[in-house]
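J.: Here's the letter readout for the chains.
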Amino acid sequence: MIWAWILIAVVVILIIIFIGTYNGLIGLRNQVKNAWAQIDVQLKRRYDLIPNLMETVKGYMKHERETLEAVTKARNLAQQLSSAGAGERGKAEGELGMALGRLLAVAESYPDLKANQNFLALQEELTSTENKISFSRQYYNDAVLRYNNKTQMFPSNIVAGMFRFQGGEFFEVTVAEQREAPRVSFT
Amino acid sequence: MWEQIRSNQIRSVVLVTAMAALLLLIGYFLGLYFFDSGVGGLVIAFAVWLIMSLVGYFQGDSILLSLSRAKKISRDDYPRLYNVVEEMKIASGLEKMPDIYIIDDPALNAFATGRDPNKASVAITSGLLQKLNRDELQGVIGHEMAHIKNRDVLLMAICSVLLGTIVILAWYASRSLIFGGMTRSRSSSSRGGGGGQLQIIILAVGLVLMILAPIIAQLIYFAISRKREYLADASSALYTRYPEGLASALEKLGNSTAELKSANQATAPMYIINPFRKKGMRAADLTSTHPPISERVRILRAMGGGASFNDYDTAYRQVHSASKGILSAATASAVGSVGLRAASTAEPAVEEHKSEKVERTREVSDVMLRLNNYQTISCDCGTRLKVPPTFKDRRVECPRCGRIHTV
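Residue numbers (the working numbering), protein chains in the order written: chain F, 1 to 187; chain W, 1001 to 1407.
In isolation and in its complexed conformation, chain W is listed as follows:
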């Protein structure tokens, strides 16, 4: 379980380095063109990247959380969610309890953020809380914990900052190459003939680079992201010892059509499922941040008798009928045989009880109302009044029995 992090890191480092090289290449060409010196461009590219990285490193999680309008909750707000997170924290061996946030959105999604495992947060939509039973919730939280534990969050942050820098530089550069290029090349050619040929070559290569770089960078970004998703799924199965939980949660996530309002292209890989997915996305889709849900579910369900990485790898090979697994060999053999556990509900929850669903919906909406500063008053007749913070009157009448309560 610990070797896997390292062996995966090597691969990720290669890909990140490729992205960084791309960035430097852009900077070099920019410098060559605008200042006649590649070094100047390198410095500018590096400076832009450094500033963005620093902001991302120190403020990234709070920016992300406020962008998604997430609300922080404490243990008393929602004991069940807090307990499930704590359970997964223990199972993953994380040292510090991550902060828990709820996003008030009917879409089904969740993400993890934070620059290191000791300063992490987990965010989950209220829609997801309503839809999932305890085992499924555990699977989802286990997946997010794995992202934190494997330091995916930091890796993806580094990647998205690199991607962002490349996109920004390429955008400005291509604009100025196209619109400003004419005047610039005329002024330099008047200075003396010899450099003209070279200038045109640089211009051509630069233009191609400006167009291709963002696309290549994005593909690399997506490749890293997809691999991380598989690993997080495998880790979740290992933590919970119950792959079916995550599988059925993913199935529910896949069946919902509500789109998360507060997500955007840059934050997409942070979520457990791609917030912009289309129905029936193809398996080998290069331009996707996440593997298709149906495939993730199939792999989890194919994990016959165990919950170890080895079992996940075997299942992956089985589903893909390929000889090469998704996890490295060192990873797969890191933990020996690992048995499964039974479902936590006494009866297998094939058909969930309706009352349970209603109860859960009520529970979640109560939590959301409390988080939005609604005041709850219990009337003696059994009715519970939820008074919004904008309510001005001092007294409120129970609609059922007519008793008067003071707010």
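Pulled out of the complex, with its shape left as it was, chain F reads as follows:
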């Protein structure tokens, strides 16, 4: 009789652990999805801001055609890849970030442009969007790390294997120079 009760208790405990693990995995996966959506919002916002920036800047920066074209090109490329996976997208977004950084750095040497209210507002928006992208990336990567740990570590990996929870992909901006803030010297 006692053995039957112990057996029942063990089974109940196992079921509870199982449910907890499964729900935990679902929660983590949703967190990753949600974090990815956050990045997406910010990246789209950046695509939308760039044409405005181009319009404002065009009249002032007549001699910077190459810089401007590089930004437009990078933007279009990034937008085309917007449904791709995290790895491929990171590369395109890295290029865009680089090109934009160069443009904003060059803008420093145009005092007229720096006095333009419209440009200042856009600059604030762009700077903030860059920050938001990196913060949401930071949050996303943390979420992926937690999710991956859970899917790979024992014993939750058993549940993960049963229900095909496959870890997420980190979002890395893979341009080597991008890791450092652009440095500009005016000599």
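Derived from the structure by calculation, the hints contain no laboratory data. Keep in mind that the hints are not guaranteed to be accurate.
[Unchecked claim] Stretch by stretch, here's where chain W covers chain F in the computed footprint (C-beta under 8 Å, at least three residues):
1. 116-125
2. 149-157
[Claimed, not checked] In the EDC-like style, the derived pairs of lysine to aspartate or glutamate whose C-alpha atoms are separated by at most 16 Å in a straight line are:
3. F:114 - W:1359
4. W:1252 - W:1135
5. F:44 - F:130
6. W:1392 - W:1359
7. W:1072 - W:1095
8. F:114 - F:55
9. F:33 - W:1095
10. F:114 - W:1356
11. F:91 - F:172
Note that the structure is a prediction, hence the values are computed from the model and not measured. Ideal Cβ placement from N, Cα and C applies to all residues, glycine included.
For this one, chain F is given, so just place chain W on it according to the hints.
T.: Quick look at chain W alone, frame taken from chain F:
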């Protein structure tokens, strides 16, 4: 980052329970003395606490915000502040954007409020907005976000309501024990001798309790508050990946002497720095809601190469030369190694440009004028006229070029 909230909660729950026990003890003695039954006192203590808690829970944030005369702003009022808050909202993984308030006060301070992370507000003084650059502002907002995210706001609200109840009960009880005690004990002793001895013991214990309880409760309250400040600092460093921002912001806050007019003792732990601090407060000060600023700055600056909780914990141990850290072990190892980022300004802002400061001051005062319903008219000569709402005339003359504008 998520385990930390839980492990800290256990400790906080113990302390809150201690406060609640103190409250019940007071209630019990009150009941024993006044109604000859401890249960009656318990019921009264509980009722007072419940009413205060309900008011605090549903109205606390609006009471606090109106007490501090904070004005709500929207994105268009001040895009830079809104953006910084949104950045920190994203970094902390908060689901809903908190409301942003500005307090028109030259003192440097900020606080967060709201009963849960989905209904939170951040308030910041206009003085602080003028003094801080973007990185520093980010650090401060990150600290406030951490309070929201870690549910410190609710915890501190619970604690301050408990503290308030204890103080009120003890105050009334000690008054009536001292002034009303004589008549009461005489009437009961005439009823029959035996209870007299017991009565005196209860009276003595009650008196001691009434005097000590508010003090003990306050010490517990402060202990909880201080621990939360460290955690919020560590979280801010983790969110921004840039501890120097918060460190230099705290330094600026510490150097200012302006006192916040609209703060009081009960709301003090809500602020980023203690609004009533004195210069050069001692490190181990038990009676302080916040750790000393210099120490918080030293810890943040000592966070060598990383921004994780682990780095903060190491830095804390280093500054205190103690073996025991401030964050629990589970917390510290929750997030692995976390790199720092570079300052957002292209050149390291050792000496801030003067023009930048002037611009920021102008920007903030413009925001404040707009919030107070001043009307801005741009004149063709480049002057901008700010017309107060009390201005009655329909027309106003530009003081520089003499053009006439209609209001």
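J.: All hints, please: hold or fail.
T.: Hints and how they fare:
1. 116-125: holds (count 3)
2. 149-157: violated (count 0)
3. F:114 - W:1359: OK: residue 114 of chain F and residue 1359 of chain W at ~13 Å, within 16 Å.
4. W:1252 - W:1135: holds, 13 Å
5. F:44 - F:130: This hinted pair holds, its Cα atoms lying about 12 Å apart.
6. W:1392 - W:1359: violated, 30 Å
7. W:1072 - W:1095: violated, 20 Å
8. F:114 - F:55: holds, 15 Å
9. F:33 - W:1095: The hint holds at about 13 Å.
10. F:114 - W:1356: With a Cα-Cα distance of about 13 Å, the restraint between residue 114 of chain F and residue 1356 of chain W holds, given a limit of 16 Å.
11. F:91 - F:172: holds, 8 Å
Of the hints listed earlier, those the structure fails to meet are numbers 2, 6 and 7, in rising order.
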